[in-house]
Amino acid sequence: MRTVRLAILFLIVVSNATAAVSDCATTNSAGFCTAERPRTWVFPRDHGAHPGYQTEWWYITGNVADASGRPFGFQFTIFRREITTSTEGRRSSWAVRDIFLAHAAVSDIEDRRFHHTEAARRPVAGTAGASTETLKIWGGGFHLDGSNPGRPWRLGAEGKGFSYNLELSPLKPPVFHGPGGVEKKGDAPGQASYYYSIPRLATSGTVSLDGRTYMVTGEAWMDHEFGSATLANNQAGWDWFGLQLDDGTDLMAYRMRLKDGGLDRNSAATLIDRQGNPYWFTASEFVITPHGEWRSPHSGALYPAAWRIEIPARGLELEVRPRAADQELSTGGTTGVTYWEGSVSVDGQSSGTAVKGLGYAELTGYAESMAGRF
Amino acid sequence: MLLFRLVNAKQLFRRPAQTGLCLLGIALGVGVVVSVDMANRGAVAALRSAVDAVAGRATHQMTAADGGLIADETLAHVLAHPGVQAAAPVVDEFLVVEALGNRPVQVLGVDPFLERPFRSLTFSTRSAETGRQVFTDLLTRPDGVVLPESLAARHDLVPENSLNAIVGARRASLRVIALYTPDAPRSDDGQPLIMDIAAAQELFGRSSGFHRIDLIAPDDAAASLAAVLGSTVIVERSDRRTNRVEDMIRSFRLNLTALSLLALLVGAFLIYNTLTFSVVQRRRQIGILRSLGVTRAQVAWLFVLEAAAFGVAGSILGLGLGAVLSHYTLAAVGGTVSSLFAPVTAEDAALTWPTVTKALSLGLATSLVAAAVPAWEAARIEPRIALGRTVIDERLMRWSPGFALAGIVLLGGAAVLVGLPVPSLWPGFLSAFAIAVGFALLTPTLALWLVGVLSVLFAGVAGVVALLGVRNISASFSRTAPAIAALMVSLAMVMGVGLMVRSFRLSLVDWIGATIRADVYVSPVGNVAGRNDAILPPEVIEAVRRLPEVEAVDTLRRRSIVIGGQRVNVLSANFAVLSNRARYLFTAGSRDEAIRRLLSSDAVIVSETFSRRSGLTLGDTLTLDTAAGPATFEIAGVYRDYTTDGGVVMMDRSAYERWWQDTDLNNAAAYLRAGADAEAAAAALRSALGSRYQLIIRSNAALRAEILRVFDRTFRVTSVLQFLTMFIAVVGILAALLALLLERTRELATLRSLGMTMTQLRGMLFVESATMGIVAAAVGTAAGIALAYVLVTVINVRSFGWTIDFRLSAAVIAGAWILALSSAMVATLYPAWRLGRMSLAAAMRED
Amino acid sequence: MFAPGPPERVAGFRGDRELKRDYVAAIEYLDVHRAFPEAGRQHEALSGVTLRVERGEFLAIAGKSGSGKTTLLNLACGVDVPTAGEVLVDGRNLAEMSDRQRSLLRRTHFGIVFQFFNLMSTLSVEENVSLPAQLAGCTVRESRERARRLLSDLGLSGRERDPIDRLSGGEQQRVAIARALINNPPVILADEPTGNLDSESGTVVLQCLARLSREQGRTVLMVTHSSDALEFADRVIHLRDGRLIAGGG
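Note that the protein sequences, when read in sequence, are chains F, E and V. Position 59 of the first sequence, counted from 1, bears residue number 68 in the working numbering, the numbering being contiguous throughout. Position 453 of the second sequence, counted from 1, bears residue number 474 in the working numbering, the numbering being contiguous throughout. Position 98 of the third sequence, counted from 1, bears residue number 110 in the working numbering, the numbering being contiguous throughout.
Treat each hint with caution, since some may be false.
Unchecked claim - Covered stretches of chain E, as calculated for chain F (at least 3 residues, CB under 8 Å):
#1 86-96
#2 160-168
#3 803-817
Stated by the list, open to error - Here are some, though not all, of the chain E residues that point toward chain F, as calculated from beta-carbon distances under 7 Å:
#4 Leu100
#5 Phe134
#6 Thr157
#7 Ile218
Unchecked claim - Reference excerpt, derived from the structure (chain F facing chain E, CB under 8 Å, subset only):
#8 Trp50
#9 Val51
#10 Thr93
#11 Arg99
#12 Arg100
#13 Ser102
#14 Ala104
#15 Ile108
#16 His124
#17 Arg131
#18 Ala134
#19 Thr136
Think of the hints as simulated: they come from the structure by calculation, not from any bench. Predicted model, so just to flag it, every value in this text is computed and none were measured. In this text, a Cβ means the ideal position worked out from N, Cα and C, and glycines have one as well.
All chains should be modelled from the sequences, with the hints used to inform the complete structure.
Okay, structure coming up:
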């Protein structure tokens with residue numbers, strides 16, 4: 010579902026609808042490639058960037074703890090946004106097709122503190138960029154490097170008062186959220202994106218907060234999505250969850266909220282078994298029920314305080330709670346969007362067996378409507 | 022304090038013309054100082070705000086040591102360097118925009134993301150939606166430009182407007198995509214246009230690189246960054262850059278300030294005059310007061326207070342006058358700064374407290390100093406009804422030898438100061454003041470002597486009427502001597518500055534004759550002062566070469582590099598072409614030998630200004646940061662140059678291209694075959710290239726005329742000051758004559774009753790005034806020549822580092838004499854008119 | 013002496029009131045008023061003075077300070093003009109003359125002697141005396157010669173080159189008389205000529221004036237408040253508050 014997250018890109022009203030130069034099979038009216046047909050995925054090439062698609066991002070969230078059990082959550086996001094379909098006729102190395110926007114956060118669960126930062130760069134002169142051959146993205150103090158075969162991925166970010174440097178090793182293969190990796194989000198052709206996740210990555214490294222460094226281990230979740238779809242005007246925002254359960258299964262689920270208070274029928278969920286096989290559920294096959302509320306002292310937005318997620322067909326009933334209330338990001342410097350992205354804990358049962366776990370949730374459209382953001 | 026009310030307040034209004042002239046004198050003196058101060062402040066503020074607007078919130082700035090561009094790759098190192106909190110590349114250029122008054126405006130090419138910590142770039146747009154569009158446009162439109170709001174408002178520009186611009190030698194069309202609100206809204210002086218860095222690079226014909234990287238970093242991080250990057254870059258604190266810009270015009274400002282203080286000095290004579298007159302007028306009154314028990318100290322206080330009242334009132338008037346005058350002085354100063362240093366928009370400066378304080382204290386101090394002698398004189402009046410001739414005149418005559426001695430001592434001091442081998446300007450200014458004051462002190466003696474000579478002359482030939490006129494000067498010596506001294510000082514200033522400018526101009530003409538030898542000069546339109554680095558397209562140079570009349574073409578490349586913290590121009594020219602054509606005037610080394618070395622080895626010739634500043638001369642070596650790292654050059658000669666006071670290092674093109682790997686060119690100079698017509702060749706080039714390129718194509722004669730035009734414009738400020746000082750002096754003479762007239766009312770009435778006609782009376786007044794003028798002009802000529810000598814040999818050399826040949830110009834001196842005599846004549850007009858209206862019967866009854 | 017008197021001079025002319033009408037008077041005041049602004053009001057210095065000053069007579073006008081004496085003199089030589097009435101000099105109305113003509117008249121027709129001498133302090137004795145001659149266009153040499161003659165007549169030989177302030181009051185007044193005579197004027201106006209002198213010097217000065225009238229036939233009009241001075245005059249007229257109150261002779 011994280012298609013929708015590209016809503017975060019505020020910059021975006023595409024203007025220069027010149028002829029597309031991409032080699033993609035299908036394009037939209039603006040000239041950008043669209044995600045319509047199932048794709049032949051080749052890794053590690055498809056971990057890299059996909060020029061031609063208007064929006065692409067890499068999203069890594071995870072829960073870690075130090076040796077004493079002190080828990081931390083972390084978030085790492087890089088957006089690649091194309092601002093024009095062509096730079097033909099431009100001489101300058103600084104005339105670029107795309108720009109990179111990055112967000113990073115660390116949730117200090119114990120001290121109830123939340124640190125976040127953001128950066129924007131254009132891919133020029135080695136100051137930012139993304140490989141098209143393998144997993145390597147960097148810029149503005151952020152980096153995600155999986156270009157060394159057989160070696161763990163390296164992930165790092167720094168901001169005011171915090172930084173982290175982590176090594177990630179995939180524990181499951183890439184998992185697609187629809188046939189051929191296409192996730193339909195609307196009825197029109199191209200109203201979709203290519204989307205896969207690696208739901209579990211073994212994670213170790215350091216987290217530094219206010220000058221103190223913690224050696225941490227834990228598990229992370231990676232999303233990679235690209236496409237050129239635009240969001241419908243009647244959509245308000247979404248509640249997204251990526252949950253890792255202690256029975257070895259993982260769940261991705263989101264509900265798309267409409268402005269009229271209803272639920273968009275393109276809401277979806279994917280349940281992933283220990284081996285990494287996906288099971289897809291449509292909006293009618295699962296229920297997410299928010300309850301309780303928390304008002305942000307920063308933006309004044311009113312967020313749900315907990316959710317109940319049920320997939321009746323699998324006997325799955327989960328209670329999801331934030332591990333800390335205040336994990337709200339305000340991103341005036343890059344995307345201009347205020348959203349909640351935070352570490353959550355899970356309790357419940359699966360086919361009668363008690364399960365628990367950790368994960369991340371993303372809540373958008375509470376501080377302001379996401380509609381029209383693109 | 023009934024006493025003070027009784028004596029002073031009424032007194033001030035009893036003689037409105039006297040009081041008015043005195044106030045006018047102080048007001049003019051203070052006004053000149055204020056206007057120069059405000060103009061200086063305005064020019065500095067404009068320069069500073071231009072620098073600040075460009076620097077944003079940077080703590081440090083990094084530039085390329087070789088004066089070129091910083092490579093893109095450097096940025097990644099800078100961004101990754103520990104401790105560097107922010108870094109942003111900046112393309113810093115000038116272009117000429119038609120809709121912005123067709124003048125050079127600064128344009129910064131920035132990366133909006135990296136720039137964010139340095140300036141907020143708040144776009145004023147109609148809605149959030151267009152705000153997002155603006156951002157995309159900024160990043161993607163190669164012609165997009167963002168204007169400062171106030172600048173746009175002043176020129177009626179709004180987003181979506183197209184702008185015609187001249188970039189170097191080319192025309193370009195730009196589009197206003199948004200307006201921005203500068204971070205420091207206190208002034209929009211020098212707020213630059215903003216473009217995306219890519220668009221700016223392309224507009225100026227490049228694909229990468231930038232002029233500097235702005236940094237936010239602690240000093241130690243900046244220092245370690247500089248160490249890591251090595252000698253290819255220079256990292257310096259932002260404030261140093263601002264200071265350097267101020268340094269640039271420091272000498273210029275100091276010179277103006279010194280001139281303005283001379284005006285105040287002339288004003289001081291007026292106060293002295295008025296107060297002395299006032300003492301003389303009130304002898305009887307003071308005698309009565311003294312007999313009533315008023316002490317000497319109280320009497321002295323009366324006059325000190327009166328002087329203070331004059332000082333304060335005059336200074337306040339002067340502040341207003343200065344504020345008005347500053348409109349013109351600032352325009353003149355701004356024009357000079359723009360044509361010599363950097364383009365600035367100097368807007369009317371506001372009166373600031375420092376200026377107000379300075380004006381009031383200067384005005385007050387001057388008044389009090391000028392009041393010292395009259396107050397002392399008043400205090401000496403004995404307690405009786407004083408009658409008869411005032412003692413002060415006799416005393417002044419007795420003292421004049423003493424004054425003269427003091428004057429000679431001062432002049433000796435001036436001579437010593439001139440000889441002091443220090444680089445500072447202060448000895449120069451001090452000696453200029455010593456000359457002014459020294460000759461002023463000599464004036465009474467010289468005046469008495471001259472009056473004696475003229476008396477003998479007139480007694481035998483011209484008769485008693487003329488004699489009366491001449492003798493009146495010594496009879497009222499305490500009033501006439503200061504007036505003569507004031508006129509003398511202002512004449513000395515007129516002549517001193519005039520001779521200096523004349524010498525400078527003649528030297529410049531010589532220099533032009535030797536240096537500007539080519540027949541046709543071609544340069545891009547976009548060249549502006551301080552940044553003459555617009556590129557001449559190679560096709561243009563090719564077209565010049567192809568012209569059948571052209572025998573040879575010299576090309577010039579200019580690059581600004583930092584040597585020992587000073588920005589210096591490195592020029593390269595084709596000395597093979599120049600060798601037997603231009604004749605640089607060498608002050609050290611021989612021309613032929615220098616050219617031979619330039620052509621055969623890594624040698625440079627340096628301008629006199631550079632040599633003086635750096636202390637390097639013929640035979641020394643000079644290390645320059647080249648594209649290939651530091652390289653050592655031998656100085657093969659020192660030549661005279663008036664193009665910039667910043668210093669020039671000149672080398673042959675082949676050496677330059679080898680060391681800097683740079684084939685761009687800024688100007689071309691074509692030498693025509695014998696007999697070819699320069700104007701025709703220029704016209705031919707214009708018609709061949711004019712439609713495609715924005716070029717300035719000038720014949721030799723036109724370029725020479727242009728150089729002299731810029732020169733003349735530069736000295737317009739000094740002409741204004743000269744005029745104002747002269748005006749004050751005329752007011753001084755007028756005040757003195759008027760005072761004498763009032764003082765001698767009965768005597769004049771007697772003359773009239775003896776049958777003197779008005780014409781004869783006017784004649785007598787004129788003889789009196791003309792004699793004062795002649796004395797002032799005679800002494801002033803000596804003082805003016807001395808002043809000019811100091812200006813030429815000390816102040817100019819130390820201010821700008823170049824040598825001017827001192828030349829006496831009969832025209833300047835004759836002009837000053839004419840000015841003196843005509844001023845003297847003008848000054849008699851009002852007193853004569855007053856006399857004509859005088860009631861003889863009433864006058865006869867006067868004391 | 014050195015210059016002929018007025019040709020019309022007739023011996024025994026004094027006091028012959030019948031004949032007077034047939035001759036043009038040296039100076040004639042016809043119902044002359046002169047008012048000055050004083051303390052916001054017009055103060056009449058002279059109120060309706062009618063007076064003939066005959067040629068060759070030594071007329072003294074007596075009166076206290078402020079009685080209008082000096083105004084009468086000022087009106088005679090055109091230094092002042094009447095508010096009403098006419099002043100005729102040799103029958104010519106001064107009011108109808110230009111400033112320049114009045115200057116020339118003063119220069120050639122009148123010699124003036126002041127109470128405070130009014131000599132030019134910046135000029136020597138000789139220069140002071142020759143000043144009016146030079147004003148009248150006389151050459152430097154000629155005027156100097158005339159000055160020397162006059163000074164020796166007045167007993168001031170050897171003092172020609174002295175500065176004025178080295179002379180006593182009586183000497184200064186004699187210099188002033190010499191100056192008054194240099195252009196050989198037919199009329200001498202004297203304003204308190206002894207007012208600033210001791211009686212001995214005063215007598216010398218008054219004798220000089222009397223001689224000018226009696227021996228040279230000049231008209232002398234003197235104003236004074238000194239009764240001693242009146243004795244030298246042919247005729248005395250009293251002035252009080254701007255009006256003539258009594259004739260004398």
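Quick rundown of the hints versus the structure:
1. For the stretch 86-96 of chain E, the proposed coverage by chain F is satisfied: 3 residues have a C-beta within less than 8 Å of a C-beta in that chain, meeting the threshold of three.
2. Proximity of the stretch 160-168 of chain E to chain F, defined as three or more residues with a beta carbon under 8 Å from a beta carbon of that chain, is established by the 3 residues found.
3. Remark: the stretch 803-817 of chain E is not confirmed as covered by chain F, as 0 of its residues place a Cβ nearer than 8 Å to a Cβ of that chain, below the required three.
4. Taking 7 Å as the C-beta cut-off, the interface hint given for Leu100/E holds, the closest approach to chain F being about 6 Å.
5. Because the smallest distance between the Cβ of Phe134/E and any Cβ of chain F comes to about 4 Å, under 7 Å, the interface hint for this residue holds.
6. A cut of 7 Å between beta carbons decides the hint on Thr157/E: the least distance to chain F is about 5 Å, and the hint holds.
7. Among the interface hints, the one on Ile218/E holds; its C-beta lies about 5 Å from the nearest C-beta in chain F, closer than the 7 Å criterion.
8. Evaluation of the Trp50/F hint against chain E yields a violated restraint, the C-beta minimum of about 31 Å exceeding 8 Å.
9. Using the Cβ-Cβ criterion of 8 Å, the hint placing Val51/F at the interface with chain E is not satisfied: the shortest such distance is roughly 30 Å.
10. A hinted interface residue such as Thr93/F counts as satisfied when its beta carbon comes closer than 8 Å to some beta carbon of chain E; here the least separation is about 5 Å, so the hint holds.
11. Against a cut-off of 8 Å between C-beta atoms, the interface hint on Arg99/F holds, since the closest Cβ of chain E lies about 6 Å away.
12. Given hint, Arg100/F at the interface with chain E, holds; its Cβ is 4 Å from that chain's nearest Cβ, closer than 8 Å.
13. With its C-beta approaching chain E no nearer than about 5 Å, Ser102/F sits inside the 8 Å limit, and its interface hint holds.
14. The closest approach between the C-beta of Ala104/F and any C-beta of chain E is roughly 4 Å, which is under the 8 Å cut-off, so the hint is satisfied.
15. The interface hint given for Ile108/F holds, since its Cβ lies 7 Å from the closest Cβ of chain E, which is under the 8 Å cut-off.
16. Because the closest C-beta pair between His124/F and chain E is about 17 Å apart, greater than 8 Å, the hint is violated.
17. Contact between Arg131/F and chain E, as hinted, is supported at the beta carbon level, the nearest pair being about 7 Å apart and thus within 8 Å.
18. Nearest Cβ of chain E to the Cβ of Ala134/F: about 4 Å, under the 8 Å cut. The hint holds.
19. With a cut of 8 Å, the hint placing Thr136/F at the interface with chain E holds, because the nearest CB-to-CB distance is about 5 Å.
Hints 3, 8, 9, 16, counting from the list given before, are not met by this structure.
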